[in-house]
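With these hints in hand, go ahead and build the complete structure from the sequences.
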Amino acid sequence: MSFLKLDGITASYGPAQALFGVDLSLAEGEVCALMGRNGMGKSTTVRVICRLLAHSGGSVTFNNRDIGALPPHKAARLGIGLVPEGRRCFPNLTVSENLIAAARPGDWDLARVAQLFPRLEERRDQMAVSLSGGEQQMLAIGRALMTNPRLLILDEATEGLAPVVRQEIWAAVGRLKSETGMGILLVDKSISELRLVADRAVILERGASVWSGVMADVNHALADQYLGV
Amino acid sequence: MSRTGLINLALFAMLPLTAGAALMLDEPFIITLATKVAILALAGVGLNIALGLGGLVSLGHAAFFGIGGYAMGILASHAQSFVPLMETPFLIEGTRSMPVIWLVAVIAGALAALAIGALSLRTTGVYFIMITLAFGQMLYYFAISWPAYGGEDGLSIYVRNGFPGLNTLDPIQFFGIAFVILALALWGAGRLAASPFGLALSAARQNEARVETVGLSPYRLRLLAFVISGAVTALAGALFADLNRFVSPTMLSWQMSGEIMIFIILGGVGRLYGPVAGAALFILLEHVLGGLSDFWHVYLGLLLLLVVLFARGGIIGALAGREVAHD
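Sequence order for the protein chains is A and B. When you line the first sequence up against our numbering, it's residues 1 to 229, in that order. When you line the second sequence up against our numbering, it's residues 1 to 327, in that order.
Be a bit skeptical, because a hint or two may be false.
What the hints assert, rightly or not - Residues from chain B shown here face chain A by an in silico Cβ test under 7 Å; the list is partial:
id, residue
1, Met-14
2, Pro-16
3, Pro-28
4, Thr-32
5, Pro-196
6, Leu-199
7, Gln-206
8, Arg-210
9, Glu-212
10, Thr-213
11, Val-214
12, Ser-217
13, Gly-301
Claimed, not checked - Pairs of lysine to any residue, SDA-like flavour, derived with a Cα cap of 25 Å:
id, chain 1, residue 1, chain 2, residue 2
14, A, Lys-5, A, Gln-167
15, A, Lys-74, B, Ile-30
16, A, Lys-74, B, Gln-206
17, A, Lys-74, B, Leu-223
18, A, Lys-74, B, Ser-217
19, A, Lys-74, B, Ala-209
20, A, Lys-74, A, Asn-38
21, A, Lys-74, B, Ser-195
22, A, Lys-74, B, Leu-184
23, A, Lys-5, B, Asn-207
24, A, Lys-74, B, Glu-208
25, A, Lys-74, B, Pro-196
26, A, Lys-74, B, Phe-197
27, A, Lys-74, B, Asn-207
28, A, Lys-74, B, Gly-188
29, A, Lys-177, A, Gln-115
30, A, Lys-177, A, Arg-200
31, A, Lys-189, A, Pro-71
32, A, Lys-74, B, Gln-137
33, A, Lys-74, B, Tyr-219
34, A, Lys-74, A, Gly-57
35, A, Lys-5, A, Phe-20
36, A, Lys-74, B, Trp-296
37, A, Lys-74, B, Arg-122
38, A, Lys-177, A, Arg-206
39, A, Lys-177, A, Ala-216
40, A, Lys-74, B, Ala-118
Please keep in mind that the hints were generated in silico from the structure rather than gathered at the bench. In this text, all values refer to a predicted model and were calculated from it rather than measured experimentally. Every residue gets a Cβ at the ideal spot worked out from N, C-alpha and C, and that includes glycine.
Below you can see the structure in the form of structure tokens.
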């Protein structure tokens with residue numbers, strides 16, 4: 001039973017149409033990879049799910065509720081947590097303040113985030129602006145977890161990070177998958193790493209979903225055709 | 001203790017030390033000046049919640065300052081003349097009790113801020129500045145054309161209102177009242193800034209979209225901040241009117257809004273003790289330079305220019321050096 005379902009989503013930025021029909025479904029506890037080359041509509045799809053962009057056609061349901069008319073903060077309150085592309089922490093707040101500002105009642109608190117990312121505990125009184133890129137990414141994930149989401153969306157969470165930090169992030173995603181029942185939507189280009197954690201995959205091409213299936217079926221031919229690798 | 005902490009402590013101690021020294025030297029005028037600084041700093045603390053924490057550049061905060069002043073003036077004038085404010089549908093009489101006047105001022109200020117904020121906060125940037133200015137000016141002209149409470153001439157109160165157990169006409173005792181309220185407001189503003197609400201408000205200033213994606217409505221956060229800010233500023237207005245035993249439309253003018261903002265900019269936007277430093281410097285300049293020239297505002301303007309150009313963190317920022325504004 002899918003608790004996130006996108007059905008024939010179309011969306012535009014002003015006169016420029018960006019999505020031409022995206023279908024996507026995700027069950028609770030499932031990890032789904034949203035794949036595609038640059039400019040194919042992955043981040044736009046994420047923006048539609050989080051209600052940061054209004055879609056012009058199709059429907060978005062979350063937990064059997066049409067969320068198409070909700071403002072972003074209400075969608076987030078239903079349990080959609082976003083780790084945005086480019087991290088975007090609150091630069092002039094400390095690590096712990098970034099987390100407290102986002103906190104909502106639930107299982108996730110400062111101690112649990114610190115367990116997942118011990119480095120954040122070491123930096124708790126440091127301003128977010130002074131953190132390394134990897135630490136900022138951990139903080140962005142921690143901040144999303146503090147909202148106690150039922151669906152976590154990671155948009156290019158490992159982009160531009162050093163290999164050792166990427167490993168840490170992927171390990172954390174693996175722990176989230178095995179230790180929590182939340183659904184996870186991953187937007188990333190690294191097929192080899194996605195294979196380790198994702199159950200299913202959806203591939204976008206020119207603003208439309210062109211393939212969906214189990215992650216293990218994303219073979220060399222598909223990758224060559226749609227992902228340019 | 002950090003350098004900012006030491007500066008804050010010095011600023012906090014400066015007012016009672018000045019008032020105490022003036023008491024020993026039998027200089028009641030200096031005590032009154034210290035009281036004025038405490039009250040204007042309180043107004044600045046109020047605006048700083050909206051401006052420093054929420055990034056809301058309101059050029060209409062004199063509206064709340066004036067509402068507090070008129071709450072005092074109206075209640076006290078009715079008590080003075082023994083004419084009730086209203087008799088139907090129920091009797092409301094005037095009062096000369098400061099705590100009651102403060103309560104009325106805070107409620108009136110909060111309600112006005114709720115109404116003004118609910119409309120103004122639908123805009124941002126220069127439009128927000130202009131709409132708050134417009135609301136302030138509306139109230140200013142309303143007060144001018146309201147003859148029942150003095151119109152343009154304002155409203156005089158012959159005797160300062162009372163506080164249980166204190167002689168409020170004694171300058172040092174009235175200073176004590178104003179200083180304790182300022183101290184409580186500073187404590188409250190500090191707690192507010194460190195609370196989840198304050199942090200979320202600060203986060204909304206830095207990145208509105210990100211705040212929405214963690215389930216918070218920037219509009220509601222800012223509206224609540226604006227209401228708290230308006231209530232604190234109204235309380236300062238009630239005290240200011242009591243200090244002068246006079247309230248007039250000047251308290252509602254856009255120049256007053258500008259002055260409250262200048263306290264914050266001089267002291268340091270977002271600095272907890274910024275309004276204390278700014279108000280103290282403003283009053284000091286007014287009395288030192290004002291004695292030398294009627295055009296002392298020229299020097300104030302120059303100082304403001306220097307602060308904006310070379311000390312973006314205000315006086316406290318300049319003194320604290322490279323410490324980040326996080327007091």
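A quick look at each hint next to the structure:
1. Met-14: With a closest approach of 28 Å, the Met-14(B) hint is violated.
2. Pro-16: violated, 32 Å
3. Pro-28: This interface hint is violated because 44 Å lies over the 7 Å limit.
4. Thr-32: Given a least distance of 39 Å, the restraint on Thr-32(B) is violated.
5. Pro-196: holds, 5 Å
6. Leu-199: holds, 4 Å
7. Gln-206: holds, 5 Å
8. Arg-210: holds, 5 Å
9. Glu-212: holds, 4 Å
10. Thr-213: Nearest chain A Cβ about 4 Å off; hint holds.
11. Val-214: holds, 4 Å
12. Ser-217: holds, 5 Å
13. Gly-301: Since the shortest Cβ distance to chain A is 29 Å, the answer is violated.
14. Lys-5(A) to Gln-167(A): Outside the cut-off at roughly 30 Å; violated.
15. Lys-74(A) to Ile-30(B): violated, 54 Å
16. Lys-74(A) to Gln-206(B): Roughly 20 Å between the alpha carbons, so the hint for Lys-74(A) and Gln-206(B) holds.
17. Lys-74(A) to Leu-223(B): Cα-Cα ~17 Å, so holds.
18. Lys-74(A) to Ser-217(B): OK: Lys-74(A) and Ser-217(B) at ~8 Å, within 25 Å.
19. Lys-74(A) to Ala-209(B): At roughly 13 Å apart (the allowed maximum being 25 Å), Ala-209(B) and Lys-74(A) satisfy the hint.
20. Lys-74(A) to Asn-38(A): violated, 29 Å
21. Lys-74(A) to Ser-195(B): holds, 22 Å
22. Lys-74(A) to Leu-184(B): violated, 35 Å
23. Lys-5(A) to Asn-207(B): It is violated: about 28 Å lies between the C-alpha atoms, which goes past 25 Å.
24. Lys-74(A) to Glu-208(B): holds, 14 Å
25. Lys-74(A) to Pro-196(B): Holds: Lys-74(A) and Pro-196(B) sit about 18 Å apart, inside 25 Å.
26. Lys-74(A) to Phe-197(B): holds, 17 Å
27. Lys-74(A) to Asn-207(B): holds, 17 Å
28. Lys-74(A) to Gly-188(B): violated, 30 Å
29. Lys-177(A) to Gln-115(A): holds, 15 Å
30. Lys-177(A) to Arg-200(A): holds, 13 Å
31. Lys-189(A) to Pro-71(A): With a Cα-Cα distance of about 29 Å, the restraint between Lys-189(A) and Pro-71(A) is violated, given a limit of 25 Å.
32. Lys-74(A) to Gln-137(B): Distance ~36 Å between Lys-74(A) and Gln-137(B) Cα, so the pair is violated.
33. Lys-74(A) to Tyr-219(B): holds, 13 Å
34. Lys-74(A) to Gly-57(A): Since the Cα atoms of Lys-74(A) and Gly-57(A) sit roughly 20 Å apart, the hinted pair holds (cutoff 25 Å).
35. Lys-5(A) to Phe-20(A): holds, 16 Å
36. Lys-74(A) to Trp-296(B): violated, 52 Å
37. Lys-74(A) to Arg-122(B): holds, 18 Å
38. Lys-177(A) to Arg-206(A): Violated, at roughly 30 Å.
39. Lys-177(A) to Ala-216(A): Cα-Cα ~17 Å, so holds.
40. Lys-74(A) to Ala-118(B): Since the Cα atoms of Lys-74(A) and Ala-118(B) sit roughly 19 Å apart, the hinted pair holds (cutoff 25 Å).
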